[in-house]
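**Student:** The primary structure of each chain is shown beneath.
Protein chains: 2
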Amino acid sequence: MRPIPKPFHPPRRLLMGPGPSAVSDRVLQAMAEPVIGHLDPATFEMMNELQAMLRQVFQTSNDLTYPVSGTGTAAMETALTNVLEPDDVAIVLVSGFFGERMREIASRCGARIVVLGGEWGVPVQPDEVATALEKFPEAKAVCAVHVETSTGLRQPLEELGRLCAEHGALFLVDAVASLGGIEVDSDGWGIDVCYSGSQKCLSAPPGLGPITFSDRAFAAMDGRKQPPPTLYLDAMAIRRYVGGDRLYHHTAPISMLYALHEALRIVLEEGLAARWRRHEEVGGELLAMLEDRGFRPFPPEGYRVPHLACVWLPEGFEDRPNRARLLEEFGIEIAGGLGHVAGKVWRGGVMGEAGNRDYVKALTEALDTLLGGGLGGASVDPEGPLPNRAHRPAVCSV
Amino acid sequence: MRPIPKPFHPPRRLLMGPGPSAVSDRVLQAMAEPVIGHLDPATFEMMNELQAMLRQVFQTSNDLTYPVSGTGTAAMETALTNVLEPDDVAIVLVSGFFGERMREIASRCGARIVVLGGEWGVPVQPDEVATALEKFPEAKAVCAVHVETSTGLRQPLEELGRLCAEHGALFLVDAVASLGGIEVDSDGWGIDVCYSGSQKCLSAPPGLGPITFSDRAFAAMDGRKQPPPTLYLDAMAIRRYVGGDRLYHHTAPISMLYALHEALRIVLEEGLAARWRRHEEVGGELLAMLEDRGFRPFPPEGYRVPHLACVWLPEGFEDRPNRARLLEEFGIEIAGGLGHVAGKVWRGGVMGEAGNRDYVKALTEALDTLLGGGLGGASVDPEGPLPNRAHRPAVCSV
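Chain order of the listed sequences is R and V. Going by the numbering used here, the first sequence runs without a break in its numbering and finishes at 413. Going by the numbering used here, the second sequence runs without a break in its numbering and finishes at 413.
Derived by calculation from the structure, the hints in this document are not laboratory data. Treat the hints with caution; some may be incorrect.
No distinction is drawn between identical chains; accordingly, a pair holds when it is met within one copy or between any pair of copies.
Dumping the calculated EDC-like pairs for lysine to aspartate or glutamate here, alpha-carbon to alpha-carbon at most 16 Å [stated by the list, open to error]:
hint, residue 1, residue 2
1, Lys21, Glu64
2, Lys21, Glu174
3, Lys21, Glu285
4, Lys21, Glu60
5, Lys376, Glu173
6, Lys21, Glu284
7, Lys376, Glu296
8, Lys240, Glu343
9, Lys155, Glu173
10, Lys21, Glu48
11, Lys376, Glu306
12, Lys359, Glu380
Starting from the given sequences, assemble the full structure and let the hints guide the process.
**Tutor:** If you want it as structure tokens, here you go:
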């Protein structure tokens with residue numbers, strides 16, 4: 016017999032990376048409610064409320080709006096795999112890791128991919144999309160990431176939605192890092208499939224991927240020549256569970272639904288406009304603080320999302336050892352870079368519950384300790400305020 | 016502005032269906048622990064422990080053993096989609112809804128399917144599998160459901176594993192309704208891919224699908240001609256996160272992992288053999304009680320799983336109104352039938368935490384009320400002990 020592990024009690028962290036973000040006690044306590052069945056009438060009442068709240072947050076009247084039983088990547092796969100069939104043409108905007116992931120999943124669907132952009136941190140301009148739609152009039156979908164978690168880039172969407180409608184292409188948008196943090200106007204911007212994740216600006220734990228489909232997207236799925244390769248994420252089948260039929264599809268992850276229900280209540284209590292403003296204000300302070308200390312923003316001005324600062328490290332400032340110290344000595348999690356910018360950038364987030372001046376203050380003090388006197392106005396002796404505990408080696412690879 | 020829904024507090028239920036099963040307070044409280052990041056060193060320590068416990072419960076030494084970030088159906092899709100490529104031959108044993116679901120997913124993978132059996136509630140015999148393996152020597156996989164949640168059938172596996180090894184076919188097993196309830200000896204029975212769900216005999220909330228891959232399965236995935244159609248469930252990519260590399264794949268559903276970690280601790284504290292014995296004893300009492308009252312078991316003797324009684328309803332005994340009364344008046348959830356046996360069978364489970372004589376007693380008393388004097392020894396006046404509350408219409412479709 017192997018010994019049984021001890022109960023797990025997570026260390027206390029300030030979650031200031033690009034997600035998961037801090038989760039309020041109200042949401043945590045909701046998850047501790049007793050489990051009930053996926054076909055219980057009470058579950059359907061709760062699910063109805065949850066879907067109605069999601070529609071408000073997505074700013075849509077789409078009927079087919081539900082939380083995918085998986086993370087943001089599952090929602091991305093739901094969007095692409097249900098809409099695209101083999102040999103369909105998909106125009107994919109790439110400005111970072113998650114645009115590349117959209118391209119990869121679209122490619123696994125057997126679609127023919129037209130990539131626009133490709134340079135990380137650089138937005139794709141509407142005229143590039145217009146040109147592509149003219150060159151590929153058969154294009155079924157244009158796929159864009161609203162906020163690139165890998166670079167902090169905000170891709171403007173309004174003009175793209177108009178172009179898609181003009182050319183009869185579906186507009187698929189990744190709002191994983193934007194929903195609940197900045198405006199996402201699904202209906203107003205002509206978005207046909209919009210998806211997100213529970214663990215960023217909505218401040219629920221990771222594990223659900225809210226998604227919404229327009230009538231045009233629904234018609235495209237309804238007219239497929241063959242079912243999608245996935246049954247687990249098959250939107251037209253899941254529709255019979257989340258819609259009126261209440262037909263079993265899979266066992267809904269009920270505790271996560273409790274959490275998202277409560278998290279959405281918090282979002283609506285604050286109000287969308289107030290929440291966006293808070294993200295903008297606190298995010299502005301975060302970026303100003305980082306720039307003061309020699310970090311340079313990755314995306315060009317005008318295209319930076321407020322609540323996720325993706326910044327180049329000051330020269331001579333090391334990634335891993337400093338992130339390990341932030342985590343171990345100060346309990347602050349921020350993220351390094353993905354892909355080819357690993358080791359070169361940091362990503363600091365003030366999302367949802369973490370969109371809070373106390374978080375920025377804590378990071379400021381910690382950074383000033385790390386930077387010592389070396390880089391831009393550190394005022395704290397690095398040997399001074401460290402908690403008196405062993406410096407365990409940290410695993411922080413991304 | 017629409018009004019914001021009230022906080023959701025689920026009604027109290029005795030979960031005696033085929034899952035989700037009752038979840039202990041220890042597991043619920045684990046979910047209320049603060050969220051930490053998917054790349055936090057503490058997360059990896061917890062994940063290592065969780066994976067080691069899963070190996071014990073699966074009775075395997077397989078390195079690639081992890082919880083899929085989705086429900087049991089996601090684990091089923093992970094197993095099939097990663098192993099099968101277009102035009103591969105897969106032999107699928109069908110004795111109920113979930114065997115049919117395996118066939119459906121294998122078909123969406125583009126595999127050529129050989130179906131054995133096909134009759135619900137009837138096991139497939141080893142000689143049928145042997146004949147199929149001789150007729151289709153190129154068969155890549157044999158796929159079987161250990162315990163059919165739709166019929167309560169236990170499909171014996173030992174002999175099938177031996178046949179697969181002889182013929183060089185991979186052996187894929189659905190242990191969603193068996194793992195933690197009856198013996199599942201992955202290595203001893205020659206299983207190459209074995210998967211389960213968190214919400215049945217493991218008594219964690221729904222949302223995770225434990226899975227384990229043998230070295231032979233790993234080699235098959237490593238030698239694929241093309242990647243699987245799914246990125247979210249791509250086992251070879253996820254391996255770089257759950258294995259030593261700790262490379263980001265998707266944001267792990269951390270709260271669900273806390274829950275499964277604690278649920279597995281409870282399983283191992285009880286001990287596998289003691290747990291199987293408990294399921295057998297309590298399940299035996301459940302079935303005897305049901306037979307006493309005129310319910311007839313669906314699967315033939317010798318092939319019934321103890322902890323999930325799937326029974327034909329006594330003549331004249333209605334499905335929906337009686338299940339609605341059980342739920343609304345007694346707070347007891349049991350399930351009706353899936354597919355073509357909907358309306359004709361009930362499925363009563365004593366899984367995990369619900370594998371408890373108090374649950375059987377509660378169901379006995381409730382049933383005796385429902386049955387009144389009409390069917391087999393009811394001793395309670397149906398008008399007597401009902402709680403004095405409104406009989407709300409119930410939605411119980413499956």
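**Student:** For every hint, state whether the structure bears it out.
**Tutor:** Results of checking the hints against the structure:
Taking the closest pair of Cα atoms, Lys21 and Glu64 come within 16 Å of each other only across two copies (9 Å); inside a single copy the shortest separation is 38 Å, beyond that limit. For a Cα distance limit of 16 Å, the shortest separation of Lys21 from Glu174 qualifies neither inside one copy, at 54 Å, nor across copies, at 38 Å. Taking the shortest alpha-carbon separations for Lys21 and Glu285, only the inter-copy value of 15 Å comes in at or below 16 Å, while the best intra-copy value is 39 Å. In this homomeric assembly, Lys21 and Glu60 come within 16 Å of each other (Cα to Cα) only across copies, at 11 Å, whereas the closest approach inside a single copy is 38 Å.
In this assembly of identical chains, Lys376 and Glu173 lie within 16 Å of each other by CA distance neither inside one copy nor across copies; the values are 35 Å within and 61 Å between. In this assembly of identical chains, the alpha carbons of Lys21 and Glu284 lie at most 16 Å apart only when taken from different copies (11 Å versus 39 Å within one copy). When the C-alpha separation of Lys376 and Glu296 is checked against a cutoff of 16 Å, the pair qualifies only within one copy, where the shortest distance is 14 Å, while the shortest distance between copies is 59 Å. Taking identical chains as interchangeable, the C-alpha atoms of Lys240 and Glu343 are never at most 16 Å apart, the minima being 53 Å within one chain and 43 Å between chains.
Proximity of Lys155 and Glu173 under a CA criterion of 16 Å is satisfied in neither setting, with 18 Å inside one chain copy and 49 Å between copies. For the homomeric pair Lys21 and Glu48, the shortest alpha-carbon distance between copies (15 Å) is at most 16 Å, but the shortest distance inside one copy (23 Å) is not. Taking the shortest Cα distances, Lys376 and Glu306 sit within 16 Å of each other inside one copy (15 Å), while across copies they are farther apart (67 Å). With identical chains, the CA atoms of Lys359 and Glu380 are never at most 16 Å apart, being 22 Å at best within one copy and 67 Å at best between copies.
This entry does not satisfy hints 2, 5, 8, 9 and 12, going by the numbered hints stated previously.
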